[in-house]
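Participant: Sequence:
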Amino acid sequence: MTKELLTINRYLELDDSVHLIEELRYFVKRAKELNPRLEKYQLFDIGFKPRQNFILVKLYFYY
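Take the sequence shown: its position 56, counted from the start at 1, is 56 in our numbering, and no numbers get skipped.
Hints are not guaranteed to be accurate.
Here are the simulated distance ranges between beta carbons [to be verified]: (1) 51 x 3: 26 to 32 Å; (2) 3 x 52: 31 to 37 Å; (3) 2 x 22: 31 to 37 Å.
Don't read these hints as lab results, they were simulated from the structure.
The beta-carbon is built from N, C-alpha and C at its ideal position, and this holds for glycine as well.
Model the full assembly from the supplied sequences, consistent with the hints where possible.
Facilitator: Right, dumping it as C-alpha cells:
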C-alpha cells in the first residue's frame, strides 16, 4: 500500500496569532473544501516558520 505525505503552506498575520487554533482549524477545513481528495488524508503535523511580518504555517497531511 502506497503512503503519501502532502504539505500545504499558508501564511498567518502576526496580529492574528492570538486565535491560532481557530485559524489552523479553518485552514484545514478550507483546504479540504478546495481539494476533496484531502478528505482521505489526516492532519499529521504542523510546522511554523516565523518571518518578519507573518508566520508561514506548513500543514502536513498523511494518507
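Participant: Find the hints from earlier in the document that the structure breaks and name them by number, from lowest to highest.
Facilitator: none
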